[in-house]
Amino acid sequence: MANDDIILRVERYDPERGPRPYAQSYRVPVRKGMMVLDALNYVRDELDSSLAFRWSCRMGICGSCGMMVNGMPKLTCQDPVDRYRVRAIRIAALDHFPVIRDLVSDISDFMEKLPNIQPWITRTEEKPLSAGEYLQTPEERALYANHAACINCMLCYAACPVYGLDERFLGPAAIALAHRYNLDSRDQGEALRAPYLSLSHSVWECTFVGECSEVCPKHVMPAESIQREKLRLALRWLLPRAAFRRRP
Amino acid sequence: MRFLERLEPLLWALFSAGGTIAALLLPVHVFLNNIAMPLGWFRPDDYDYTHAARLLGHPLVKAYLAVFLVPTLFHAAHRIKLLPHELVLPPSPGIATPIAYLIAAALAIAAVVVIVLAP
Chain A
1 MANDDIILRV
11 ERYDPERGPR
21 PYAQSYRVPV
31 RKGMMVLDAL
41 NYVRDELDSS
51 LAFRWSCRMG
61 ICGSCGMMVN
71 GMPKLTCQDP
81 VDRYRVRAIR
91 IAALDHFPVI
101 RDLVSDISDF
111 MEKLPNIQPW
121 ITRTEEKPLS
131 AGEYLQTPEE
141 RALYANHAAC
151 INCMLCYAAC
161 PVYGLDERFL
171 GPAAIALAHR
181 YNLDSRDQGE
191 ALRAPYLSLS
201 HSVWECTFVG
211 ECSEVCPKHV
221 MPAESIQREK
231 LRLALRWLLP
241 RAAFRRRP
Chain B
1001 MRFLERLEPL
1011 LWALFSAGGT
1021 IAALLLPVHV
1031 FLNNIAMPLG
1041 WFRPDDYDYT
1051 HAARLLGHPL
1061 VKAYLAVFLV
1071 PTLFHAAHRI
1081 KLLPHELVLP
1091 PSPGIATPIA
1101 YLIAAALAIA
1111 AVVVIVLAP
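In order, the protein sequence lines correspond to chains A and B.
Position 203 of the first sequence, counted from 1, bears residue number 203 in the numbering used here, the numbering being contiguous throughout.
For the numbering used here, count along the second sequence from 1 and bump the result up by 1000.
Incorrect hints may appear among the rest.
Under 10 Å between C-beta atoms, here's a sample of chain A residues computed to sit facing chain B [what the hints assert, rightly or not]:
| id | residue |
| --- | --- |
| 1 | Trp204 |
| 2 | Thr207 |
| 3 | Gln227 |
FYI, nobody ran anything at the bench for these hints, they're computed from the structure.
All residues carry an ideal CB built from backbone N, CA and C; glycine is no exception.
In isolation and in its complexed conformation, chain B is listed as follows (with noise of 0.2 Å):
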């Protein structure tokens, strides 16, 4: 717990930095991915797996979207933190943050790999 106090001013940094990127970014990917897309606004090819595979492959696009997830994935367990705040319940148990804090740790490793190992 000590140690994840003295990690406290690079968590805020990593919720705040993944606020402003999922308020920014994230309506841009849901309205392409879930609006557009399946409404067929884009050339059948431009949207296509192969398509999409080689974009990937750019590394400008490797990092967006490692610039993307992983800060949005620690704002993502900070919130869960605060959950409780938020409805006004007693703070949650010590463990719940380490544990939100793991997750999201995990997770951007995982990510990260994907990414970097993509085609």
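Just chain A, with the same shape it has in the complex (with noise of 0.2 Å):
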């Protein structure tokens, strides 16, 4: 084995082979700033084009890449080969979603939760189209700026303990989501997503362990918006509601 070579130790799932997942290892050359991602497509154009996983853009932005390396949640495409420094990285699928195949997840779960926080700028009442746009200064945009750098790669969501146990939790990325619009100074949308977020097993389940704040490939900080969350559903519980009007 040449001195430089890596063994990628991959968690395979067929589910045209049999019920169970088995482990399957490949020997890589290691090229100077190798990232995890380059060495799996490194198998898959040389030694095993069986081998099913998701990538496109290569560069943090797509969210595709997502896996679990040495049981760590990673984004693959961000991930240098030499930052193990074993000769064996075990890669499996993301934790706490079902697997399609190989390292593919089933990420429908998120899907379908995802429109029911209405993750979009909504309006109670629309300028006439005379009025221009609805500006933001400097100041507004940053208030909710590094909320926005979802990229939904799920990674949060295989972190996050509260999510392995109950699937039924709303989740890290969703809420951060949330929290985002109701920051955006021209979203008047607030209203419309309490009832949902006020939910059992929307934010009050998170326990504030913070992994998924940890993982984050875009330091989104998803567990400081699910607490910021349930302060701003606790008041808008205790206080008139004339305190949650938005200005026009």
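Take the two lone chains and join them into the complex the hints point to.
Listed below in structure tokens is the structure:
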């Protein structure tokens, strides 16, 4: 074995082959600056074209290539192989999601929950076109900017022990996204999001373990968003309605 | 259960307030009652029964004790509800949560009654 080879130990699953996952190892020559995703692409191009995994942009923006690398949720296109100072790297599909095949997870649970938080700008009163755009100051934008960086890579769901125990939990990325729109000065939809966010399997299930923020490749800080959203919902419950009227 | 679900924002607010109060004030009380007093760092008559009872007669002290105890009890109930999650066990059966909150509510009422009726 060449000195700069690594072993990828991939947890594979093929429903047509049998109901149990199985491990398969591949030897990959390391190139300078190689990411885990590059190693997987080497396997598929050169060693085993049957290995299934998702990827698209290779620059940490499409959010497709999330996998468990040595037990941690990682965006594999941003994860250099040389940071693992061991010869063998274990790769598996993201935790807490059903596996379709090999490293491909089924994230339909998240996709079904997502529209409930209305992750888009909602207006209760529209300005006439002649009034121009809905302008925003740099300060107003800065309020939600880091929450808007979410790429839906699902690493936070794979890291969340609460979601792992109870899949009814709405989960980190969805709540962070609701928080992002609630903070947007152009949005007036907080009252529409509140009933769904107040359900017991929405924000309240979170026990603030904080792993979601630890693994987030875009530093969205979902754990912080969830606690802030809890506080907003509690105040909305305790204070009179008038305190929450948005300026037009 | 639907009823508890509607109360969730209030229960979380009590949990959150109770956690903050317990973290800030409990160490002070532990220090005073369990360290300073047994070690005799106070003059004996500063901390005897009559002095403590007279202190409890003041409305501000009564209010302080109610604010200290009630949210802390609901904090404890919420922690018990979350305990299975934190021990990475399956969620507790549905009945455990209302029981935890009922015990907290009963203890909170008892605490307030004792505080109000105290001399």
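Hints and how they fare:
About 5 Å separates the beta-carbon of tryptophan 204/A from the nearest beta-carbon of chain B, less than 10 Å, and the hint is met. The criterion of a C-beta within 10 Å of any C-beta in chain B is met by threonine 207/A, whose closest approach is roughly 5 Å, and the hint holds. Of the supplied interface hints, the one on glutamine 227/A holds, with its beta-carbon coming within about 9 Å of a beta-carbon of chain B, less than 10 Å.
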